[in-house]
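Undergrad: Here is how the chains run, residue by residue.
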Amino acid sequence: MRAKDFLCSVRGLQGAVRKDGNNVLILLNKWRLAMKMILSTIVGTLLLAGAATASEKCRVPMTDWQPREALQTKLEGEGWKVRSIRSEDGCYEAYALNAKGEKVEAYFDPKTFVAVDMKSED
Amino acid sequence: MQTLATVKVWDPLVRIFHWGLVGSFAVAFLTAEDIRDVHEVAGYVAGGLIATRLVMGFAGSPYARFRQFLRSPVEVVSYLRSMIRHRDRRYIGHNPLGGLMVMVLILAMGGIALTGWLQTTDAYWGVEWVEELHEALANLMLGAVAVHLCGVVFESIRHNENLVAAMISGRKRAPAPGDVV
Numbered sequence: 001m002r003a004k005d006f007l008c009s010v011r012g013l014q015g016a017v018r019k020d021g022n023n024v025l026i027l028l029n030k031w032r033l034a035m036k037m038i039l040s041t042i043v044g045t046l047l048l049a050g051a052a053t054a055s056e057k058c059r060v061p062m063t064d065w066q067p068r069e070a071l072q073t074k075l076e077g078e079g080w081k082v083r084s085i086r087s088e089d090g091c092y093e094a095y096a097l098n099a100k101g102e103k104v105e106a107y108f109d110p111k112t113f114v115a116v117d118m119k120s121e122d
Numbered sequence: 001m002q003t004l005a006t007v008k009v010w011d012p013l014v015r016i017f018h019w020g021l022v023g024s025f026a027v028a029f030l031t032a033e034d035i036r037d038v039h040e041v042a043g044y045v046a047g048g049l050i051a052t053r054l055v056m057g058f059a060g061s062p063y064a065r066f067r068q069f070l071r072s073p074v075e076v077v078s079y080l081r082s083m084i085r086h087r088d089r090r091y092i093g094h095n096p097l098g099g100l101m102v103m104v105l106i107l108a109m110g111g112i113a114l115t116g117w118l119q120t121t122d123a124y125w126g127v128e129w130v131e132e133l134h135e136a137l138a139n140l141m142l143g144a145v146a147v148h149l150c151g152v153v154f155e156s157i158r159h160n161e162n163l164v165a166a167m168i169s170g171r172k173r174a175p176a177p178g179d180v181v
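Protein chains in written order, with the working numbering: chain A, 1 to 122; chain B, 1 to 181.
Note that these hints are calculated values from the structure, not bench results. Worth double-checking, as some hints may not be accurate.
What the hints assert, rightly or not - Far from chain B, by Cβ distances over 10 Å, these chain A residues were calculated:
#1 N23
#2 L27
#3 N29
#4 R59
#5 T63
#6 A70
#7 K74
#8 G77
#9 S84
#10 A94
#11 Y95
#12 A96
#13 K103
#14 E105
#15 F113
To be verified - Examples of chain B residues lying across from chain A (beta carbon under 8 Å, computed):
#16 M101
#17 E135
#18 A144
#19 F154
#20 E155
To be verified - Here are a few chain B residues that sit away from chain A, every Cβ distance over 12 Å (derived from the structure):
#21 F29
#22 G57
#23 G60
#24 S61
#25 M103
#26 V104
#27 A123
#28 G126
#29 V127
#30 I157
#31 N162
#32 V181
Note that beta-carbon positions come from the ideal geometry of N, C-alpha and C, so glycine has one too.
Work out the full structure: start from the sequences and follow the hints.
TA: What follows is the structure, encoded as structure tokens:
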């Protein structure tokens, strides 16, 4: 190999390394951007979903709401010990001990008193 | 290079307690509305830290003991006055106002943990006044933390020392004449 060729190949190598270095940086930046977009999309979707479910658990016009005493009477008739009833997500939300003595947090449609959601802890 | 002599003030347990409480309260606060499991774990951690701190208040290292930093109302007021007149002395441990704040924060956090746990029991499940007390105490805690931070910044500037760093390293500048040891 002649000295000139050697030098050329070394320069070529240096150039390639420099280029690759830049490429790696560009890739890194692209990766960061992509992660940002993915994360913000996930967070945004979750927030939207949360907001949607939060507001859509029950949808009943205020005029159709039965009084909460009626719900309390109904639940007590089923053997529940009602601790509190509030309005939450458009529903009535009752905290109670059910007939089996389990702690329950239950959501009821304020018009029909159909249970929409129920969480219980022993 | 100037080297300043320092003294050990906050033992490791005090520091773990402090930053552990910061973390657990922050997590509990952020998860209060919708991540109940995490909220409860954070609450138990905070409650455990408070219980430990109460024991340390009687049997811990010198500057952790309540007797070292709890002052009479008269002393607190006179310290406040000296502060206004810019004649407050530097305390190696908690100053009288700082000591009062420590107690307020411990009691508020203890009350929050207690009322939070009560809501998981059969007896107080869904009982509204417990929930309201829990939230009111949490708001009190939030306000107290804000005042606490103001106090830390004020004292750090006033006595030209980084009190946040002191709560990390446990060390403070050695007492000078006139400082309260």
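Undergrad: It remains to establish, for every hint, whether it holds in the given structure.
TA: So, going through the hints one by one against the coordinates:
1. N23: N23(A) is indeed farther than 10 Å from all Cβ atoms of chain B, at 40 Å.
2. L27: At about 34 Å from chain B, L27(A) clears the 10 Å cut-off, so the statement holds.
3. N29: holds (31 Å)
4. R59: holds (20 Å)
5. T63: holds (26 Å)
6. A70: holds (19 Å)
7. K74: K74(A) is indeed farther than 10 Å from all Cβ atoms of chain B, at 17 Å.
8. G77: holds (18 Å)
9. S84: The assertion about S84(A) is violated, with a minimum of 5 Å to chain B.
10. A94: violated (8 Å)
11. Y95: The assertion about Y95(A) is violated, with a minimum of 2 Å to chain B.
12. A96: Given that some Cβ of chain B is not farther than 10 Å from that of A96(A), nearest at about 7 Å, it is violated.
13. K103: Non-interface label fails for K103(A): nearest chain B Cβ at 5 Å, not farther than 10 Å.
14. E105: violated (7 Å)
15. F113: holds (18 Å)
16. M101: violated (34 Å)
17. E135: violated (13 Å)
18. A144: violated (28 Å)
19. F154: Where the cut-off is 8 Å and the nearest Cβ of chain A is about 37 Å from F154(B), the hint is violated.
20. E155: It is violated, given that the least Cβ distance between E155(B) and chain A is near 38 Å, above 8 Å.
21. F29: holds (18 Å)
22. G57: Nearest chain A Cβ is 34 Å from G57(B), so the label holds.
23. G60: Holds: least Cβ distance 36 Å, greater than 12 Å.
24. S61: Label holds. Min Cβ-Cβ 40 Å, cutoff 12 Å.
25. M103: holds (33 Å)
26. V104: Given that every Cβ of chain A is farther than 12 Å from that of V104(B), nearest at about 30 Å, it holds.
27. A123: At roughly 10 Å from the nearest Cβ of chain A, A123(B) sits no farther out than 12 Å, so the non-interface label is violated.
28. G126: violated (2 Å)
29. V127: violated (6 Å)
30. I157: holds (37 Å)
31. N162: N162(B) is indeed farther than 12 Å from all Cβ atoms of chain A, at 33 Å.
32. V181: At about 51 Å from chain A, V181(B) clears the 12 Å cut-off, so the statement holds.
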